[in-house]
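Student: Here is how the chains run, residue by residue.
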Amino acid sequence: MLSELEACRRHPEIYIEKIREMNLPEVNLMEVCGTHTMAIAKAGIRQMLPANIRLLSGPGCPVCVTPAELIDEVLKLAARPDVIIATYGDMIRVPGSVRGRSLAAMRAKGSRVKVVYSPIDAVELAKNNPDSEVVFLGVGFETTAPGTAACVQAAAAEGLTNFTVFPMLKTVEPALRALIADPGFNVQGFLCPGHVAVIIGEAGFRFLPEEFRIPAVIAGFEPEDILLSVYVLCRQIKEGCPRMENEYTRAVSPEGNPLALAVMDRFLKAESDLWRGLGEIPGGALMLRDEYAAFDARKRFHIQYEAHEDKSGCRCGDVIQGKLAPAACPLFGKACTPADPFGPCMVSSEGTCAAAFKYQEV
Amino acid sequence: MCLAIPLKITSINGPDAVGERDGIRRKIRVDFIKEPKVGDYVIVHAGFAIERLRKEQAEADIAAAREVENALRA
Ligand code: SF4
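Residue numbers (the numbering used here), protein chains in the order written: chain A, -16 to 345; chain B, 100 to 173.
With the rest of the complex left out, here is chain A (with noise of 0.2 Å):
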């Protein structure tokens, strides 16, 4: 696959025209992952494809499929004067059920939160903090994981008591498991998220093939390995014969990273909890083993929420679906813009929405 990344490297066009002359049916393809959605939007790879090969993002932005009743509750923490709220930074102007009401905007009235690049800086600002709680809102998916658990690792080694995370973690199976369910499943193939396949490998992708015949690639990030992972599944479509394939071999291994998955998994247990868009997902949220609930901000502050109607009128569970095109959301672009969001797929820097506005993808 390498040589064919150097050949898609050189002439892409080739590619492009290699995938119009197989004269595939309307096909629908879909990525899961932030970063591919920013890719191709920037990179302009939807307009370059011809018209029968729709790209449609799914749910791999980690902040728009958190739920506005998280972020509620994440909201009452950052009221109390003794807690810091750290978090990465996509996570501070992500509105809670009532619109103007985030992070950035309990932060400019006063709420102590604080932006981190990585877990380890929380736990810094733990032990620098003793007469505070900190709380790290753990969102993300199996890439940023297993960083996670490393975290509270450290905590419970340096015996902090103010450490705690909020486990907002998600897993990519069951959210497309949950997608393919669905009756208006219209998917013909799958971009997998290549920094998640690093994690879990191949191996945690081939279920699509194996159990679904869908058609599945785990994609790099360069323009042209997305092209080359397009019409890998356009192959595979042709064909009839759907596989995992690996066009990212230079990072993704069959199995995975053996030392990250164990740090997961002593940590972190699979259950259920809600997502945007797509509901309450069995197994789709990795939460903290009972051994560490000491470090667990859901127990330490006995977190409680119940699902509730959005009547923002944000269609972002419709957008992270794939069910709907971001400009055919009526508040694109008027109501909702990057600087006044109405939902995360606007706030996040990897949103689909936020990727269609600012590459004019209408």
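The set of hints was computed from the structure by calculation and includes no laboratory data. Don't be surprised by glycine CBs; every beta carbon is placed ideally from N, CA and C. No false leads were slipped in.
Across the chosen pairs, the derived CB separations fall in these ranges:
no.: 1; chain 1: B; residue 1: 110; chain 2: A; residue 2: 195; range: 41 to 49 Å
no.: 2; chain 1: A; residue 1: 4; chain 2: B; residue 2: 123; range: 39 to 47 Å
no.: 3; chain 1: B; residue 1: 136; chain 2: A; residue 2: 72; range: 30 to 38 Å
no.: 4; chain 1: B; residue 1: 153; chain 2: A; residue 2: 253; range: 29 to 37 Å
no.: 5; chain 1: B; residue 1: 134; chain 2: A; residue 2: 189; range: 23 to 31 Å
no.: 6; chain 1: B; residue 1: 121; chain 2: A; residue 2: 9; range: 37 to 45 Å
Take a look, some chain A residues computed to stay more than 12 Å from chain B by CB distance:
no.: 7; residue: -4
no.: 8; residue: 34
no.: 9; residue: 82
no.: 10; residue: 89
no.: 11; residue: 94
no.: 12; residue: 142
no.: 13; residue: 157
no.: 14; residue: 218
no.: 15; residue: 220
no.: 16; residue: 224
no.: 17; residue: 285
no.: 18; residue: 291
Following the hints, put chain B with the ligand in place on chain A, whose structure we already have.
Tutor: Only chain B with the ligand this time, still in chain A's reference frame:
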């Protein structure tokens, strides 16, 4: 936040290390890399090296990462 970048390890101290490229220097953790060595290229996500990259591939990926980062920052 899912952005992962390739860096070259310039020093290691237990699970802590420093990764560098293009004048960016970052404290990283190498818990998940088997026998990490100075000079190794790794993909770094949220402060953790998640995989080693083969040297000949790393340069191409670094060029690509510049592109993606520029896209996200622009
Ligand atoms: S355009 Fe705005 S309101 Fe519409 S789905 Fe996207 S984020 Fe939500």
